[in-house]
Each structure stands twice: as structure tokens, then as C-alpha cells.
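4 protein chains.
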Amino acid sequence: MMREKLSVSVIGATGIVGQNYIKLLRNHPWFQVTDVAASSRSEGKSYAEAVRNKWQMSVNIPENIKNLIVREAHDIDSIDPQIKFVFSAINLPSKEDVKELELNYARKGIPVISNNSAHRWTPDVPMIIPEINPEHINVIPIQQKNRGFSKGFVAVKPNCSIQSYMAPIYSLQKAGYKVDKMIVSTLQAVSGAGYPGVSSLDMIDNIVPFIGGEEEKSEMEPLKILGTVGEKGIINDDSIKISSTCTRVPVTDGHTACVNIKFQEKIPSKDEIIDIWRSFRAIPQELSLPYAPEQPIIYLENENRPQPKKDRDNDKGMAVTVGRLRKDQVFDYKFVALSHNTIRGAAGGAILNAELLLKKGFI
Amino acid sequence: MMREKLSVSVIGATGIVGQNYIKLLRNHPWFQVTDVAASSRSEGKSYAEAVRNKWQMSVNIPENIKNLIVREAHDIDSIDPQIKFVFSAINLPSKEDVKELELNYARKGIPVISNNSAHRWTPDVPMIIPEINPEHINVIPIQQKNRGFSKGFVAVKPNCSIQSYMAPIYSLQKAGYKVDKMIVSTLQAVSGAGYPGVSSLDMIDNIVPFIGGEEEKSEMEPLKILGTVGEKGIINDDSIKISSTCTRVPVTDGHTACVNIKFQEKIPSKDEIIDIWRSFRAIPQELSLPYAPEQPIIYLENENRPQPKKDRDNDKGMAVTVGRLRKDQVFDYKFVALSHNTIRGAAGGAILNAELLLKKGFI
Amino acid sequence: MMREKLSVSVIGATGIVGQNYIKLLRNHPWFQVTDVAASSRSEGKSYAEAVRNKWQMSVNIPENIKNLIVREAHDIDSIDPQIKFVFSAINLPSKEDVKELELNYARKGIPVISNNSAHRWTPDVPMIIPEINPEHINVIPIQQKNRGFSKGFVAVKPNCSIQSYMAPIYSLQKAGYKVDKMIVSTLQAVSGAGYPGVSSLDMIDNIVPFIGGEEEKSEMEPLKILGTVGEKGIINDDSIKISSTCTRVPVTDGHTACVNIKFQEKIPSKDEIIDIWRSFRAIPQELSLPYAPEQPIIYLENENRPQPKKDRDNDKGMAVTVGRLRKDQVFDYKFVALSHNTIRGAAGGAILNAELLLKKGFI
Amino acid sequence: MMREKLSVSVIGATGIVGQNYIKLLRNHPWFQVTDVAASSRSEGKSYAEAVRNKWQMSVNIPENIKNLIVREAHDIDSIDPQIKFVFSAINLPSKEDVKELELNYARKGIPVISNNSAHRWTPDVPMIIPEINPEHINVIPIQQKNRGFSKGFVAVKPNCSIQSYMAPIYSLQKAGYKVDKMIVSTLQAVSGAGYPGVSSLDMIDNIVPFIGGEEEKSEMEPLKILGTVGEKGIINDDSIKISSTCTRVPVTDGHTACVNIKFQEKIPSKDEIIDIWRSFRAIPQELSLPYAPEQPIIYLENENRPQPKKDRDNDKGMAVTVGRLRKDQVFDYKFVALSHNTIRGAAGGAILNAELLLKKGFI
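Chains as they are written, first to last, in the numbering used here: chain A, 1 to 363; chain X, 364 to 726; chain R, 727 to 1089; chain Z, 1090 to 1452.
It is possible that part of the hints are untrue.
Capping the alpha-carbon separation at 25 Å, the derived lysine-lysine pairs in BS3-like fashion look like this [what the hints assert, rightly or not]:
{"hint": "1", "chain 1": "A", "residue 1": "K178", "chain 2": "X", "residue 2": "K544"}
{"hint": "2", "chain 1": "X", "residue 1": "K625", "chain 2": "A", "residue 2": "K181"}
{"hint": "3", "chain 1": "X", "residue 1": "K633", "chain 2": "A", "residue 2": "K241"}
{"hint": "4", "chain 1": "X", "residue 1": "K447", "chain 2": "X", "residue 2": "K722"}
So these bits of chain Z aren't anywhere near chain R, every CB distance computed over 12 Å [as the list claims (entries may be wrong)]:
{"hint": "5", "residue": "K1155"}
{"hint": "6", "residue": "N1180"}
{"hint": "7", "residue": "I1231"}
{"hint": "8", "residue": "I1296"}
{"hint": "9", "residue": "K1359"}
No lab work stands behind these hints: they were computed from the structure. Small disclaimer: the values here were computed from a predicted structure and weren't measured. The beta carbon of each residue, even a glycine, is placed where N, CA and C say it ideally should be.
Working from the sequences, and respecting the hints, build out all of it.
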């Protein structure tokens, strides 16, 4: 489709989300990483040297990345002018600093697609799952106008913990079955905490029933995602009530969610639900975006699925896998859902956002 | 208190629950295991030989048990007449066979205290958690009359998966705060499935979101436990509605439950709940039963507790540990609860039942 | 290269090695699985039904395999005459029965390439690692003559536990540095024991320092592999002495070996050794066999490598990864080596054998 | 035996070794912790507050420790004069700083018993395993004279990785069977690295075949331990040659070692070795020191033992458990040995040292 690949930068490239970008983009048909940035500790080193004992991916560092010299992420002036946009996997002690840094790239004319949670509640910043709220990109002109940006902007993706059930819920809502209430318990993988992240002493023969800030994100972010574009920014949809308990379990990758749902009025049959899920397609599929899963929601009949080890990699880690749909004697239905937290829930989800933004002319 | 210890038998003594009885009873002040029974495969072997490579306990086989010759469990006639009662940890392919076997011991005049689920729904068999429904032992005379037993009877304990939240829920009900609805997701330890039980291939870097029959037990058994003694047997209390999702996680011992609750009318404050839990005492504590925990419900303030590895052994594995009580925007409150599945949830719970029955004159 | 793919059968297709064959052969350029066989328990069922809850692979069952009807492995008469050869992943209680079954296929004119250990010590059956002793296939005509077979024969691959260090050792010997003594300790993955195999109770927070029969195999099989083709069969080379300790660790796939070696006379420098390893190429590479790794031995400089999770999949699981080569103050050198036990050490290794045998005209 | 317990201090009390001291000393018959010290970060806080989310022990913080106010470890002047000696679990970036800090306590007249490796190679500091080289305490007067100390001194214990095989080896040497060479591979628990220590991403479905500095310690420390007291300090015994490979495995506690040994001349029979091990007793047993295991070396016949989960706690974590003794076709014998790394290998071993020093009049 394209003559030449677009040059992109990964900032926060040495952390685990950054490494995932490097891995996932190594054969991307449209994008090529030609710039990596991190903290001053890595500045001036080759990428291979900077991540030396921290490289966690199951593939080797791509040859064309190994020798890229790491830029200090705040040093925007020295960025190669060929860079078309930035994937932000940056992590700073202060969220305010992240906000400012990302806005500075945007101000410089460089679009930023971010994993960081800093801008998720900035009203004129879209928080996108491309199968659910692709139209939220229309808040970008508002953002640019608000802030006097020319072609730069900031767009973000939501938290990894909600990815496994958002598409299943949204597809039901779209089919006319409005969800009223949800109670969710998640069993989350350790890669979500970065590297070194969770201590092995906490994860051998143990679970930890708490992840700082995660439940709040899980309960709030869906409201923005399901919202609409207003004049000044996104207007939340608070018609759905969510309660979430988030736990950490000894799993490398793949967040599992046990979900109980109650509908507002109309209640679909079990077969209808499975049919809605299996036939769900959206903009990324219609546009045949390279990172889009063919089938965003896979439903498995086996009663002991989905399982992280067996299902997280479905459709290159971008599909959500669902199982165990059954009647619930307290609410209406319950089911178990799974998604790959560092692919669909982080780098892969952001790449899909970038593909959407490119196709829609924002990049 | 006692001159001499009572002789007791463990049937199904070679399995993992049976091993736990052997371990927990090794220094019991009232009971002494002098008879062990298992399947015909072990018949005639010394206990040490019979469990050889299957012994899973962290303590060695007690010296006075090692050389006991294993009896075939169906061979009731050859049981030592000194045996005062039987702990049943038996597991047979057919639940009907378990029922019959346990009734045969009772018919012979030998009380049976069982871990097996076979008789849990027999109306004239009490299913007891001594802190909650000790008065259910009053169904035993009905059972004996119904079946023409003299001093034998069958009493059972409920499933391990509900133990972590039953005492917390019951203590609130007893304090006047009736619970209307509960949604529970459990993260259950592998020892609950016996040995060899769950394959390591399913538990390394994985969770399995299904345990056969477990959710049904979790949703039904509380109704009997919270019921009352009627003329013909236990009458269930179905005023509380429970929905349960049970998952298996890579933890040796200790079932964790994420619980959301909605009260019927009156809603206690957070401080009241914690106070009710911490001050909860019941018959086993009043009678100072040897296996009773001093404090049945321990509430921890630390936001990342309870954890299986750190909290399962609280008060010799008999206390329930609770944490993370917080407001729930869908129901009223949510919390996390933990109990040791092979101690409180199996052998230890049954020992406490035996102590209660002895003190109350049924043994 | 080929017009049409050859039809092949997998016997023992429902076990974990069998599943690996199904997975690895799903896109093979030369071979296509068109027949699956197992025990009578699975006979007559579709493959999907037969493996239902036992399917352990990270990819789904290939569509063209799902509906194959499982044949009983002993029912050789009803095998499709189009089948060109058989991959044996069969496991029977008696090794003698395995021997006979495999010979019966051969007698029928169907070559058998086996993972089972039954025929490893049959003198006229070659035990092949294609990079090391490809010339051992020349014992096949002897086997056929001995036994009156026309085109059928049995060929086997060695145990998974030795695969990580055999190529490193052989490449040094080939370069003129004869190894005199080796002391090896292995840390072996649970998939080596099949499914369900090792209990999770033995693998959570634990290691088991024993694998039945494994040390004997590890110490003996290299002698045959390094041997020569004599008139009546393979003549062992017992010039190298090996001592092995085999342990089981909580790892899904990938056997790690800690190896200490002492040379007979000439001792290479560290740089020479690394150079020999990195430049080692053999027949499978020369013939560009589809399953051959480009570089059979990968040496990593990082001091904390190889690691199972990061290195087992190198070059589609067929490369051996080595690291930590350093001077040994007791012997001459020590190093750590890793190979994927169910790919290079089982199904993948056998597929490479089949490719060699086809290219050399034995199939 | 004693009227009153001695007051002792734990410096580095908030780390994992420090926590182990607090746990193990909570019911000690001779010693009572009345002072805790750590870095300036914890200074002035209560102990409970200082370790808040880092407390890793399976027992709760003892009530009499919770409210001790943490002293800054360098602030020696404000130490309570009642303190009789110090357990050092301190960890500083520079080993030189540790050396100086520990010497400063000694100079002040306070004996220091340390887990830190800083002084292990100081010739006039004894490195003691009480069952092996108790007479090395006689280097203390030399140390005091060298440095002008009155009653203060520094004594250390060796690395945790060698504890499992040092007693087995020493007992053989003492019985007249001199060991010439040893090749060892260890599988070490994560608690050896402190908290947070090893990342869970490195320990789920993985092993790491490297522990910085560990192999060097393993190969060198035995030479000092087996040495003799000379005029100026300990004189090493370098008659034994050791080669070690140290790996990290997903186990909480308990280091396992696979050991191959070659004797100098006389070779005992297998039965003799087992008999030597089982009957081995030493000074701590003769003096009935409270922390001494009754039987320092336990030999198990079961072919799949020792295992960390089942054997690490033998005799309160102070016994070494050995198994799998068998002929070695390269050396003379091989076996597997296990010891609890944070009890025998750290805090427990140091407590036993303190008990010895007290009994011998050095404290």
C-alpha cells in the first residue's frame, strides 16, 4: 500500500511497554522505529546497551534498532524532523510532568499516541479503543484549536484491565441491549506492572488482591470511552455502573476478568449474545488495519476457557477471548473474558490507534 | 481435661485430605488416630508404605501412624471396637456409594464426620460450620430415628470454597444486617483438587477459570447452613441470593474470595462492619474447643491483604482473614476474604465439628 | 520443491508429543497429517473430540485435523495406503509392546520415526540427531535385511534431556578437541512428563530432584549417538564419560543443563570454543531442510542467559542456546545450555529426522 | 538456665534477613530484641510502620517489636547500653562502608554477628558454621588485640549457597575420607536476593542461570571454613577444589545443591556415608544450644527427596536434608542436598553462632 514506511519514535523505549513497541513494530508494514528516547540514564547509549539486562521480549532486539542512540525524552529539539509521530511509553514520577512532556511534543507539531494514564481525563484528549469509539478522534481538532496546535495532538488508549470486557459489553449495547450494572473481578498478569515490577516473593505460591489505582481506572474509564464528542471535549456516558476488584496473579501476560452483568431492560438469550460477539466487526476490520484482529471477540465453548497461557496470543494478541457465558441468578449473565495486557492492552492497542489516525488523515 | 484420648479412625486416609487429618490430629488433646482405612490397593500395607510417594505434608508421618496397617474402608466388620468415631475423607467414583458406605458405619453404631459432598443435601444430615449453625446437630436424633440408628450418625462439613466468606456474612446477619445479594469470584488453591489433582502444565503461567461443580455448591450450600431445624430435617433459608465464579490459581493452599454484597434494608457503616467481624465469637470459642480459633474473623487494615502465603496459617489455619472492605458503587460493600482450604475448609473444620459433637454429648 | 505433500500419520496423536506434531506440521511444506491414531479410548472419535480438554498447544487445532477420525493405533490393516510414513508418539505401559507395534508398522512397509525410548537400544535402529550422526541412517538397510523388511524401518530420536549439550560437545569433538569427562545437572521442564504429568502440588514453590530413568538415558544415549555404523548395527563410542543429575523445575518448556567438561588432551581457548559453536553447520543446514535451524548453536554473551522463557523458541525451537562459558577450576570449562524439549527434543527433532530420511531416499 | 534474657539489637532490621531475625528470635530463651536499626529512611518510625508493606514473614510482627522506634544504624552513640550484642543484617551499597560500620560497633565494645559478606575475607574475623569450625572463635582474641578492641568483635557466617553441602562434606572429612574435588550446581530460592529482589517476570515459567558473585563465594568460602587458626588469623585449607554453578529457581525458600564428589584416597561405601551423616553430631548438639538441630544432617531414602517445600523446615529450618546418594561414574559419588537459606543459611545460622559465642564466654 505504501511506498515508504513512516519514521516513528518510541519514547520510554527501554521499559517493558517500550520494548513491546520495538518488538511489535519490527515488521510493521507502515511504521518503522527510527528514534528511541528514554531517561537521562540511557542518553547517548546504544539501545542494545541501554536495555542490556532488562530486555524481556521473547524475540531478540531487531538488528536495525540495536544501534539506535537513545535520545533523552525531554530533548525534543534534537528529534529527527523525519519523525511523523511518537508512541509514548514514558513513565515519570509525576503525572503532571508526563502531561507537559506529551503536550510539548504536540506543540512541536508531533502527534503523540500514549499508553500513559496522565491525559486520560483531559477532556479534549480522546481515549480510544478503535473497535468502540473511533469517532472520538473528532475531538482532536477541538484539542488543536483549544491549545493552538497545528498538526500535533495527544491521543491515548485506556487501561489494560478493562480491555477484555469492553468490546463484549459494547457489542451488546450496540445491538440494543443496554447494560445497567457490572460487577467485575480481575486476575491480572505481572507484566502490567513493568519490569522489575512485582517481586517474585509476592508471586510464588501467592496472589495479591490489590493493584494501586487500578480499580478506580476500571470503574471510570469506560464512561469516557462510551461517551460522545461534545463541543469542548468528550462527554461521559454514565448510564452504566461498574464495580471492580483487581488482583495480581502469577501469570506473565494476559488479564482475566470474571464479569457479572445486568441489563437495563431487554435481555438477550444466551445464543443471541454469543452470536453478537462472534459477528461483531468494526472500523478497524472494515479498514483492514494491519494490527486489527480479524474477529475482535472470540467465543470458546470449552468450559475451562479462556486461559491466559492458551488464549492470550489469539490473533496476534489483539483479539479478546470470552467463555463461560451462563445465566446469573443475581444479575442476568456472567462470563469470563481475557485479553493480552501488553499487546491489546498496551503497545498493540496504541499501534491500532495510530493506524486508525493515519487512515483518517490525522497523521 | 480427659484421662485418655478417644480412638478414632480416618477412612480415605491416604489421600490429601486424609493426610491432613493425620497431620492435624498428631498432637490432638482429645483424639488419637488408631485406625486408617483406604481402598483395596492399600489394604494390608503399613500406612507409611501406602502413602510412600504421595505424602504431601510439610511434617513427617507421625511415628505412631507409620506402622498402622491400612484397612479396606468397606470392611467395617473388622474395625477395632474401641473406635469411637470416623473421619471420612473417602472418595469413590459414585456419590451413591459414598452415601451408602458412610451410612453403613452409622448403622454399625459409629458416628461419621465427613468431608465428602455426598450427604450434604441429605435433609436429616447436618452440614455444620460450628461458629454458624451449631444447633443443626439437633437434626441428628431425627436422623437416628428416621433410619433406626442407635448411636451412629452422619454429619458433614460444607465445601471449602465458601468458608472464607460464610463467617463474615453470618456475623453481619446475626448483628441484624440481613444480606440480600452476593456476587463472589474465588481464586482457589490447587490442594483443593487433591493429589495429583491439577496438572502443573495448567498452573505454570496460567489460571483455569473453571472448577467442576464448585459454583453450584457455592451458591446452594449457604442456604442449608443458614437454615433451621425442622421436623424432618433442615429447612433451607433462601432469603439470600448468591452468584459465584470459581477459578483455579497457582497457589498451594488458601482460597481467596472477592465478594460484593447488598443488604436487604439496613446498611451498617464500614466501622460497624469491621467491629462486628473483630468481635464475633461463637459456641466453639465459648466452649474453648481445642481447634477453635480464638478470633474466627481477623480483619487486616493493610490494603494488599489478605494474601494466601501470608494469611492462610493464621490461628493454626482456622481463622478467616478479611481485608479491603470498601464501598461498592453497584452493591453496598465489597471485600476480600481468605481461608485455608485444607484446614478450615476440610480436615480442621471437621475436627472442630467432632469437638463440638463430643462436648454436646453426641459422641 | 514438491508437487504434493506426503500424507503422514501420527500415532499417539492425542498426547502432548502427538499434539506437538499436529501443531508443528500444520504448515509443513513437505508433509501433511492425514491420519491420526491413539488408544481404543479415542477410537472412532473426531480428533477434536478426542483431545477436547487435553489440548495444550498455544495454537488452535488446525481445521483440517479437527475432523479426522481417530484410528486405534494397533489397527494397522485399516491404515490409508497413501500414508508414506508414521510419526510415533505412542506410549504404552510396556516397552516391549511399543517395540512390537513399531516393528509391525515397519513390517507392513511403513517407515516409523519414533519419540519413544523403546527401540533406542536396538542395535540396528538408528538414534539420530541430524546435525551429529546423519550417517547412522546407513544402518537402515542392515535393519531391513536382518528383519526381512522391504521399505519399512524404525528410526528413533534420543531423549530430550541431552539435546542441549550434545551439539555443543559434538562440534568441539569434530574440531579435534576430544571430551574426556562431563558432569551435568539438568533443570527440566514439566512438559517432558506429558499431560497431566507432574502435579501442580509438586511444582508450586518447589523442585523435584529426580526424574525416573532420565539419568541413565542421559549417560548412555550419547555413546550410541557418537558411535559408528558396524556390520550388525551401531557400535557405541565409550570414550566419553558422562555423569548426570536430572531435576524437575516449574518451567513449561525448555530443558536447561549446567555442564562441566574436561578434555582428553588439547584444550581450546574460550574464544575458539565460542567460534566453533557459532560457526557449526551440518548436513541439515547444507540440505536446507525445512525444520533445520539456520544456526544450530547460538551463543549469548549476556551473563544471565540462556533462560527458558526467553531462549527456548530461538529459530522455531530448533536451535540450542548456550551461554556462560567460563574456566572451570576442577575440569576445564563450564557452561549452561538450553533446548526446547518438546520441539528440538521431541516432535521437531523427529520431523528433522524425517526430512533427512526423505532427502536421502529412505522414505 | 538464665534469669533474664539478654538484650540484643538487629541492625538492618527492616530487610528480609532482618525480618527473619525478628521472627526467629520472638520466643528465643536467651535473647530478646530490644533495639532495631535501619537506614535513615526508617529512622524515628515505629518498626511496624517502617516495614509496613514489606513484611514478608508468615507470622505477624511480634507485639513487643511493633512499637520499637527504629534507630539509624550509624548512630551508635544513642544505642541502649543494655544491648549485649548486635545481629547485623545491614546492606549498604559499599562493602567498605559495611566493614567500617561493623568495626565501629565492635570498637564501641559491642560484639557484631553478621550476615553480610563484607568481613568474610578479613583474616582475623571468624566465618563460622558451629557444627564445623567452632574453634575458629579463637581468632577473636587475635582480632581484639590487632585492633585494640576490649570486648567488642566481629564474627560472620558464610554464604547461604554452601550450607547444604558443607556439613555433609565436613562430616566425611572428619571421618577420615578426604574430599579432593567437588562439582556443584545449585538451584537457589528467591528469598536469597532479599525483597523485592528477583522480579516475578524472571521467575514465572523461567529460571535464571546466574547469581552475581555467588559462584565465587561458593568456591572460596569453604577454604576458610575448613582452615585453621594461625597466629595472625585464619589460614585457609586449599586441599579441596570446588567448581560451582549457581542458578535461581522459582522457589520461595530452600537452596538445593546437586553435588558430585571425588575423594583423595580412601573411598567409603554408600552405607558408611549414610551412617556418617546420620550419626554426625558436633559442639552445638553437645552444648544443647537452643537453635541447634538435634540431627544436623538428615538423610532421606525416598528417591525424589529432598524437596524445598517438604524439607526446608526440617528441625526448625536448621537441619540439612540430603538424599539420592549414588555412585558416580565420573567422580566417586553424587547426591542432592538442601538447606533453608534464610534460616540455616542466614538468621538461624547467625543465632546459632551467637549461642555458641555466649556459651564460650565471648559475649
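For each hint given before, does the structure comply? Return the numbers of the non-compliant ones in rising order. Number 8 only.
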